[in-house]
Amino acid sequence: MGALIQLGAFVALLLCGYIFGRRAERKHYKSIFQREDELRHVVVTTERMPEPELMGYNFNLVSGSVVISVDYFKVVAAGLRTLVGGRIRSYESLLDRARREALLRMQAQASEQGAEMVINTKFDTSRVSGNAGKGIGSMEVLAYGTALIPPQAAS
Amino acid sequence: MVRLRSNPKIPEGINSSDENPLKEFAWLLAGVTIALLIAVFTLSLLAEWLAPSIPFRWEQRLTGLYDTQAETPLRMKDSPAPQTLMDDAEQAVQDLGAALVASQRTLNAQTVSTPPSPESLSDFVDESVQYRFHLLSDATPNAFATLGGHIFVTTGLLRQVSSENALAMVMAHEMAHITERHPIQALSRGALVQFLLLMVMGGQGADAVGGVLGQAGLLTILSFNRDMERDADGAAINLLLARYGHLDGADEFFQNMLVAYGDVTWSEWAQTHPGVGERLSTIQSRNPSPADVKGVLTPLDSRLIDWLQQKAEAEPSAGKP
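For the protein sequence lines, the chains are Z and A, in the order given.
For the first sequence, the numbering used here gives the first residue as 6, with consecutive numbering after it.
For the second sequence, the numbering used here gives the first residue as 5, with consecutive numbering after it.
The set of hints was computed from the structure by calculation and includes no laboratory data.
Warning: the hint list may mix true and false statements.
Pairs of lysine to aspartate or glutamate residues, derived as EDC-like cross-links and limited to a Cα-Cα distance of at most 16 Å, are as follows [unchecked claim]: (1) Z:Lys127 / Z:Glu43; (2) Z:Lys35 / Z:Asp101; (3) A:Lys13 / Z:Glu41; (4) Z:Lys35 / A:Glu16; (5) Z:Lys35 / A:Asp22; (6) A:Lys315 / A:Asp22; (7) A:Lys315 / A:Asp92; (8) Z:Lys32 / A:Asp22; (9) A:Lys315 / A:Asp142; (10) Z:Lys127 / Z:Glu145; (11) A:Lys13 / Z:Glu43; (12) Z:Lys32 / Z:Asp101; (13) A:Lys13 / Z:Asp42; (14) A:Lys13 / Z:Asp101; (15) Z:Lys127 / Z:Asp76.
Calculated from the model, a selection of chain Z residues having no Cβ within reach of chain A, i.e. all distances over 12 Å [as the list claims (entries may be wrong)]: (16) Ser70; (17) Ser74; (18) Glu117; (19) Gln118.
For glycine and all other residues, C-beta sits at the position ideal for the given N, C-alpha and C.
Pulled out of the complex, with its shape left as it was, chain A reads as follows (with noise of 0.2 Å):
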């Protein structure tokens, strides 16, 4: 009997594989990414149509907690402004909120001749929805629109506006998100993606995998956020030409915040809301006055002069960025 004297050469190719990772990796990762898309744009269409059908007065019932606590006004622990102006401002808020919602009525009501009977799922509209305004006690102009009907404007946005065209725009653009149940849509969208992603990366490991189709997925989702965001758009112009006459003054705010934080461009697929300019464009291509010819501003209410006059008395380095 032989024995072995030296170990064979084994053939490699066996155990481990001569094919360039790379290839195999943009594959996967290719198929995963797309299958994924598909999933959350079908997701996202699917919560859009169904989510207006939550009644609203569910939303109300889970926004009633903070009913109670909206009817006295937010305010900072140190704010300078004294108690009552503060009152008066948010009361001159609700009440300019009030007459836009006076303005939208009669403007549905033109609009429309006879109510029409809902064929479908889409044209079924919540008779009950309310509007609720508050004014919210931040140096960050912001203004949003919540669950239940509640729109929030921010003390530092009323520095941002000199007329009431300005601020009507703000307003309406945020009475359209409740309009259209844009709150409830994008929260269900939201939880409905969550609930895929958890589906599918839950339970498996590589989080970093499971961070970038994360990403991918939430990329998706605002492409639908900067669709509703025009749809607002276009739904505040509508209101405050019938109640105006004319767009002057109405881009005041954004021509503010070119101004201070610029516009994007190449990144606007990233961002939750379309580039300042294409909004600035389409409210200046709706503007029925002549661009020489400024139509008369409706001057802000008293209330709010006052109450910004205070507040620069009391900060005399603050001001417009």
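If we strip away everything but chain Z, and leave its shape as in the complex, we get (with noise of 0.2 Å):
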């Protein structure tokens, strides 16, 4: 009887952790490609030397960061995964969506302050909530990078 109880348990928390997880993916998705068009005037670019028609610009750091979670079917697929080996599209989608929002987020706050560019852009990505041996649990982006305000929007 144990033996169905916790099979039972576990497709209970599969559909859960599919069905909810899905949902929120596909809400988050709508939002990150809305909010990509509106960002989409504040260039952002890994360059490091600013043209020299920027020279006047002022400059500012600016950063984006989330921390997003997996839900239970992602975990349990990347387990099975990592019997067999080969891409984890679970996770995959997961960081695709930690990435954009992280540069989202830069760019939101670049605007907030008039920027009309974000330059010399970096990512840094690290474990939250250690999960000893239960992969990864959930993610933090770091996205950050010099904003480059031209003079007369500066107050």
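Got two chains here, each in a separate frame; can you build the complex from them with the hints?
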């Protein structure tokens, strides 16, 4: 009987994780697409040397960070993958979302300050709440760069 | 030089995949589960084939520590039954056990005229198998056989039987487990499968997956267990037929369990034993005496009856469920 209960609990958690996880992911992606369009005017580059025409601009550090957690379904799917090997698609989409969200938050911060451009953009990824041996629990992604603010916009 | 005025729209699907995760998950789970079940099945067959070659003397050596303790019967600390009646009851159980063993030896001698030379590993019969019977003071009706030929019958089970035939059925069933070397087979099988799961799961994460795959392996093992129980039932029926000539009264314990706990129908594949209904029909189908005529039931040993009476007097509320 214990075997049945454990199997039942596992399937229930799995379904829960899948349904809510998919819903959250779809909603997040929709929000990401929308905001990327809104903030398209804040240009993000990895350039270290700004063009000469940007010489008089004010500059500032801007950053955006986000912590996203996996759901139960993703954990189990990744666990099976570690047996067999190959792309862990469930985590790939998670990281893609996290990176883009961090970038968007950085752009939002820059846009609030009136910046036109963010140069020398870098990423930093780390694992939060060390889950010893249980796979990636939650990921924190930090995006930071130098915002270039046109002189007239700065107050 | 014209600088970038707006971020380009990056195409989707490069860093992430649009493929349905359920499809991928289903494939993975199916593949891993099937591979694991095949491995567990193969290892179980292997263990059952090789384990009986482990000499019985090694089992005895392992349980030898217990042998010295077994000389004084086990009892609960606050048992109201006086020492001597319990001793007598255990002696009665041991006497019945010895009688059953003697019947078994006679039966073996009758069915096999000349001892066959072992042609394969499965024909090898360990001559040193010995049976030791013990009475365990426990209210739960139970009987089990362990390594080293030890057979335990609980006092709770004594209350569930009213004839020697019923008690003999249970004891003969446990004896058959020892004869067929089921304890060492089960132990070897369990150890091998645990080792396999440890190798596969041990260093990895995802405890949830490990737990589920472990349960899948366990369910495969349970089907082997049920076959062992069916074999033991068959051998016990043979012994009872040889000793009493009929199977009347042999199913009393199973009838009581059926009344008390019902039968397991849909979840049989998660149980260690076959369903009670199946075991009852096996006994009834092999009973040579007609349904309306009851054969003579051999009464319980007087020492057991005394002990049961004493118990009933001491605890008037206790009784059959």
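Evaluated hints:
1. Z:Lys127 / Z:Glu43: Not OK: Lys127 of chain Z and Glu43 of chain Z at ~22 Å, beyond 16 Å, violated.
2. Z:Lys35 / Z:Asp101: The given pair, whose Cα atoms are some 13 Å apart, holds under the 16 Å limit.
3. A:Lys13 / Z:Glu41: holds (8 Å)
4. Z:Lys35 / A:Glu16: Status holds; Cα separation ~12 Å.
5. Z:Lys35 / A:Asp22: Holds. Lys35 of chain Z to Asp22 of chain A sits at ~14 Å (cutoff 16 Å).
6. A:Lys315 / A:Asp22: violated (71 Å)
7. A:Lys315 / A:Asp92: Answer holds: Lys315 of chain A to Asp92 of chain A is near 14 Å, not above 16 Å.
8. Z:Lys32 / A:Asp22: Holds, at roughly 15 Å.
9. A:Lys315 / A:Asp142: Measuring from Cα to Cα gives roughly 12 Å; hence the hint holds.
10. Z:Lys127 / Z:Glu145: Given pair Lys127 of chain Z, Glu145 of chain Z holds - Cα atoms ~14 Å apart, limit 16 Å.
11. A:Lys13 / Z:Glu43: holds (12 Å)
12. Z:Lys32 / Z:Asp101: The hint holds at about 14 Å.
13. A:Lys13 / Z:Asp42: holds (8 Å)
14. A:Lys13 / Z:Asp101: holds (15 Å)
15. Z:Lys127 / Z:Asp76: Violated, at about 27 Å.
16. Ser70: holds (19 Å)
17. Ser74: holds (15 Å)
18. Glu117: Its Cβ never comes within 12 Å of chain A, the nearest being 17 Å, so this holds.
19. Gln118: holds (17 Å)
The structure shown violates the earlier hints numbered 1, 6, 15.
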